[in-house]
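Undergrad: The chain contents come next:
2 protein chains.
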Amino acid sequence: MILDKVNSPDDLKNLGLNELNVLANEIRELIVKKVNTIGGHFGPNLGIIETTIAMHYVFNSPIDKFIFDVSHQCYTHKILTGRKDGYTNPDNYLKYSGFTAPQESEHDLFTIGHTSTSVSLATGVAKARDLKGEKYNVVALIGDGSLSGGEAFEGLDNASTLDSNIIIIVNDNDMSIAENQGGLYNNLKLLRDTNGQAELNYFKTLGFNYSFVDDGNNIEKMIRALKSIKDTNKPTVLHIVTEKGHGCKPAVDNKEIFHWIAPNILDENGNMREIKPSVNTYNSITKEYILHKAKEDKKFILIGASTPGVFEFDKEFRAKLGKQYTDVGIAEEHAIAYSSALAKQGARPLFPVMSSFIQRTYDQLSQDLCLNKSPLAMLVFWGGISSADCTHLCIFDIPLISNIPNMVYLAPTNKEEYLKMLDWGVNQTEHPVAIRVPSVPLKSAGVEDTTDYSILNKFKLVSEGEKVAIIGLGSFFGLAEKVKKALQEKFGINSTLINPRFITGVDEELLNDLKRTHKLVITLEDGVLDGGFGEKISRFYSSSDIKVLNYGAKKEFPDRVPIDELYTRYRLKPELICEDVQKLL
Amino acid sequence: MILDKVNSPDDLKNLGLNELNVLANEIRELIVKKVNTIGGHFGPNLGIIETTIAMHYVFNSPIDKFIFDVSHQCYTHKILTGRKDGYTNPDNYLKYSGFTAPQESEHDLFTIGHTSTSVSLATGVAKARDLKGEKYNVVALIGDGSLSGGEAFEGLDNASTLDSNIIIIVNDNDMSIAENQGGLYNNLKLLRDTNGQAELNYFKTLGFNYSFVDDGNNIEKMIRALKSIKDTNKPTVLHIVTEKGHGCKPAVDNKEIFHWIAPNILDENGNMREIKPSVNTYNSITKEYILHKAKEDKKFILIGASTPGVFEFDKEFRAKLGKQYTDVGIAEEHAIAYSSALAKQGARPLFPVMSSFIQRTYDQLSQDLCLNKSPLAMLVFWGGISSADCTHLCIFDIPLISNIPNMVYLAPTNKEEYLKMLDWGVNQTEHPVAIRVPSVPLKSAGVEDTTDYSILNKFKLVSEGEKVAIIGLGSFFGLAEKVKKALQEKFGINSTLINPRFITGVDEELLNDLKRTHKLVITLEDGVLDGGFGEKISRFYSSSDIKVLNYGAKKEFPDRVPIDELYTRYRLKPELICEDVQKLL
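Chains as they are written, first to last, in our numbering: chain A, 569 to 1153; chain B, 569 to 1153.
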């Protein structure tokens, strides 16, 4: 194998073009095998192998600095920068993160996982270089999809004013996670169709020098192009055309599905296994509801911000919605303002979003939405403690959303509550409503939920006991049930069980009532404690004799920590909670 | 007066061109007089009078919908839509908000005050119209400066894909609040210089139909242009050139100073009064520090996001910094990522920002900055409860910033602490540091602060007493001193006084120590309680016998409520706090 000879980018520079091409194939094989084994970003990595090799061939990392947007396409970069053991040896498959990580290598500048940040970061690196009087190349690699995020525009607008070296490689594979959305993409198409020659050029309007490569999967062409702009002293965009999933037919034929894959999507022969949509999940019942509602009410509209896969909104599903679906691009800020206006003007919008990505839109939630009290319904998916990468944690949505005035944030605990809240949220006209979709398997209560959610902040008293009351929020209601059982078994305490359902307010009447016969209230929330739900309960009781124990995640960025370890760390286990209770009673 | 005949937009349609021009002058006179009396946005309103008249002449508001970006330029719109009494009668000068406000008029669609949102909102309005099968024009008016915000790009990128009517009037006065910053502005200049004919056209790259008016202060030209695009069924940009401050020489000559003015900037003869920079304020000592530091350390750099006036960073001051100052445009997201990279690469960036605008950048604070532990220093200005407009509240920065892992958020209480924290923040290399600049007059402690702030979360025990401990955060330390005095006088309690200084963590040792001789802890913070500092103290003590009283703002959007009324509402007065204490002890 050629790869045996490559332990650092320096080793590349001794290879001939043929060897580089062989190397690309070796790397492709490793990535296909590894990602098909443990899951991960598939198409984006296969599409950028040749370009990454050319980058390391032409430039001198880590003296020259590479910044990968989202950095989900950094696998080849990792293989070439001393981390190939994470790809060649299955025992090491989990050794390195799927994103750039400075603690792994001096070739990684930043921990990155959210989109559209690379140009801003690169501009800062370039400016620091200039302030320090140093000389090197700063190279950002950003996908065409990521250009739809506002931060990318802000970065480009500022980068182009640098009177010095910065190189932005725009990796145009004519795909976001799904199809690209937005007027900009017609301009990219025009540039592709004219071999970069069209006068009308987005990057030139922002002031960049511009060049074009029609085949970014051709190492020779890429080397030539990069050499021609290396050491430029002008902000420069190199627009390259690559093929997402290059070299793997199923991935090329199914670009959206192969953006990120679960393990074993390919069979032994390298063919794609059939993917069946999930049944009896929160995703499946959400889709059913949406199709039903869209048919019944032509003012209903589903808004997406380029992550349809998270919710299993596949092509067929989207096609059924027609004009009742808008994908706005990777543009959560716009999504909120746009949806707020839709709601205000009498349409019935629904905006589903992943907890980690709602972070991109605090000001719009506050100003565009809640200040205007627009009756938008939002669904927050994947909220909760997990073993995720530190860049995709979903534990901060409660502090982010719930401390904004006028917002109604709901936490259902079962199928019927969820559907009732969803229907109420979509049809009511009074409040911005967000629903935290449970991140636990779908569970039916067996009876319809008849709650009127327009009566805000009314907690549900599930079973009345004494001494100890357990408030189990959303996904952690199941844990609350277990704690109740453990308290009964260990100490004979018949505790009170409460399903609060509302995150954004406290049920003062019920909480005051507890004071008569209870000494301790336990709160359980599947998210960070700081700024969260439990602290509101602590504040409520802080001047009373009731004691409170708050359970949730610590304020930190855990990185791929096994969930059981996190539960132990945060004492989110019935036996640990019983220990704490014992000390207090 | 022509204006006497104009009580609604309909009345405009009966006027001839000469009358419209007279009307413009009448309105100009009213705006100059009112704004010079009570303060407000001056230049932006004078520049857009003729265009606003033409808009109401050509379109039929409220059937046709107008959305004003930031809406700081809406005074003429208000005068023409039934609210002229707020401009003609000095007794009514405070009757209407300085921004669009749906509760005032059906001609105002949204409560708006932050930048770059109009295109997104307009797109939502247009899409709702299409879903409902209605027909009308949707018109957004956005300034050239606001185009630098990422949300504006996201909105344009999506708006251009609407297969129906939307009109974006780009009001190009070649100014942001200060000078425009960013590569885009060279393209706008090219378009101005070529009368809109240049092939290279930012708006066309995004897919818009485009037309150009060289003089947006000419009612006749504006009427003609608007008539030609009225009822278009294609997304259309109308790029108009206006003069900021039009018709008022001092405002035209000093565009930045006259963007927003305090009362009485003009004397009886309409000449500009001399503005003296403040002395002995947090602004003045910040500027002194910056100039000193920039001279001493060429790696130091000041970052701005287009609001230099907030910090009194005037032209002369900016010029002194040269390449050690970057204004990134109205682009807080980029500002954080850019600054994070600068800090990570060994430069020493300082980013001052207004509390209300830090809201535009939660995800960048979390991902680009804190996850990377970049040692950026930030200054958060104007944080605190105020009688501000509901769109510019500064009470949410503590929940927003302080619940992010790795962040160190500091609250100085006097000049010496502030300068020490500032110097430490700028020079240290371990943490993202934010400092909440006190919103009270500068006060000297008289002695140098020798604290080592690298020892995190160490509260300062200012005076040791018993029974009651008062924790007064930042700007509210003065209130804490008053409460201490009142407790002594009313109940003879010698209470303990604590200056926490750190917002982002609790001093467990000190707080535990209090348990021995105290029964009650009072927290005072100049911001919203929900998700804030006090709740952390409540959580800390929630399982102990210590009682806690948290004081701060309620979770709401107060709109121009007198501050004394808010202090009473929130019980932020020594006598009210004493009442609460009495009930507990």
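If you're looking for bench data, these hints aren't it; they were derived computationally from the structure.
A virtual CB, placed ideally from N, CA and C, is assigned to each residue, including glycine.
Watch out, some of these pointers could steer you wrong.
Below 30 Å or equal to it, Euclidean Cα-Cα: the simulated DSSO-like pairs (lysine-lysine) are [unchecked claim]:
id	chain 1	residue 1	chain 2	residue 2
1	B	703	A	891
2	A	703	B	1011
3	B	866	B	581
4	B	867	A	700
5	B	941	A	700
6	B	1050	B	1026
7	A	861	B	700
8	A	1083	B	1083
9	B	1050	A	863
10	B	789	A	757
11	A	855	B	1141
12	B	817	B	861
13	B	581	A	798
14	B	1050	B	1011
15	A	1083	B	1141
Using C-beta positions, here's what the derived DEER-type ranges look like [stated by the list, open to error]:
id	chain 1	residue 1	chain 2	residue 2	range
16	A	670	B	856	53 to 59 Å
17	A	1011	B	1035	48 to 54 Å
18	B	890	A	670	56 to 62 Å
19	A	1015	B	1034	27 to 33 Å
20	B	856	A	767	58 to 64 Å
21	A	884	B	1122	57 to 63 Å
22	A	830	B	914	48 to 54 Å
23	B	1030	A	1015	53 to 59 Å
24	B	1124	A	1015	35 to 41 Å
25	A	1008	B	575	40 to 46 Å
Undergrad: If a hint holds in the structure, say so; if it does not, say that too.
TA: For each hint, the structure was consulted:
1. Among the hinted pairs, residue 703 of chain B with residue 891 of chain A is consistent with the structure: their alpha-carbon atoms are about 17 Å apart, no more than 30 Å.
2. Straight-line distance between C-alpha atoms of residue 703 of chain A and residue 1011 of chain B comes to about 45 Å, which puts the hinted pair past the 30 Å bound.
3. Proposed proximity of residue 866 of chain B and residue 581 of chain B is contradicted: the alpha carbons are some 60 Å apart, above 30 Å.
4. Pair hint residue 867 of chain B plus residue 700 of chain A holds up; C-alpha atoms about 6 Å apart against a cutoff of 30 Å.
5. A distance of roughly 21 Å separates the Cα atoms of residue 941 of chain B and residue 700 of chain A; the hinted pair therefore holds under the 30 Å criterion.
6. Using a Cα cut-off of 30 Å, the hinted pair residue 1050 of chain B and residue 1026 of chain B holds, with the two alpha carbons roughly 23 Å apart.
7. Restraint check for residue 861 of chain A and residue 700 of chain B: the C-alpha separation of about 15 Å stays at or below 30 Å, so the hint holds.
8. The straight-line distance between the Cα atoms of residue 1083 of chain A and residue 1083 of chain B is roughly 23 Å, inside the 30 Å bound, and the hint therefore holds.
9. The hinted pair formed by residue 1050 of chain B and residue 863 of chain A fails the criterion: a straight-line CA distance of about 63 Å is larger than 30 Å.
10. Straight-line distance between C-alpha atoms of residue 789 of chain B and residue 757 of chain A comes to about 36 Å, which puts the hinted pair past the 30 Å bound.
11. As the CA atoms of residue 855 of chain A and residue 1141 of chain B are separated by approximately 53 Å, the hinted pair breaks the 30 Å bound.
12. A distance of roughly 37 Å separates the Cα atoms of residue 817 of chain B and residue 861 of chain B; the hinted pair therefore is violated under the 30 Å criterion.
13. Taking the CA atoms of residue 581 of chain B and residue 798 of chain A, the gap is about 61 Å. The hint is violated against a cut of 30 Å.
14. Taken as a hint, the residue 1050 of chain B and residue 1011 of chain B pair is honoured in the structure, with Cα atoms around 16 Å apart against an allowance of 30 Å.
15. At most 30 Å may separate the alpha-carbon atoms for a hinted pair to count; residue 1083 of chain A and residue 1141 of chain B meet this at roughly 29 Å.
16. Between residue 670 of chain A and residue 856 of chain B the Cβ separation comes to about 36 Å, which falls outside the hinted range of 53 to 59 Å.
17. Between residue 1011 of chain A and residue 1035 of chain B the CB atoms are about 50 Å apart, so this pair conforms to the stated range of 48 to 54 Å.
18. Between residue 890 of chain B and residue 670 of chain A the beta carbon distance is about 31 Å. The supplied range of 56 to 62 Å is therefore violated.
19. One distance hint, 27 to 33 Å for the beta-carbon pair residue 1015 of chain A and residue 1034 of chain B, is violated here, with the actual separation near 55 Å.
20. The hinted window of 58 to 64 Å between residue 856 of chain B and residue 767 of chain A is violated, with their beta carbons roughly 50 Å apart.
21. Range check, residue 884 of chain A to residue 1122 of chain B: Cβ separation about 48 Å, and the 57 to 63 Å hint is violated.
22. Between residue 830 of chain A and residue 914 of chain B the beta carbons are some 41 Å apart, a value that contradicts the proposed interval 48 to 54 Å.
23. Judged by the Cβ atoms, the range 53 to 59 Å given for residue 1030 of chain B and residue 1015 of chain A holds: they are separated by roughly 58 Å.
24. A C-beta distance of roughly 37 Å is found between residue 1124 of chain B and residue 1015 of chain A, which places it inside the suggested range of 35 to 41 Å.
25. At about 60 Å, the CB distance of residue 1008 of chain A to residue 575 of chain B disagrees with the hint of 40 to 46 Å.
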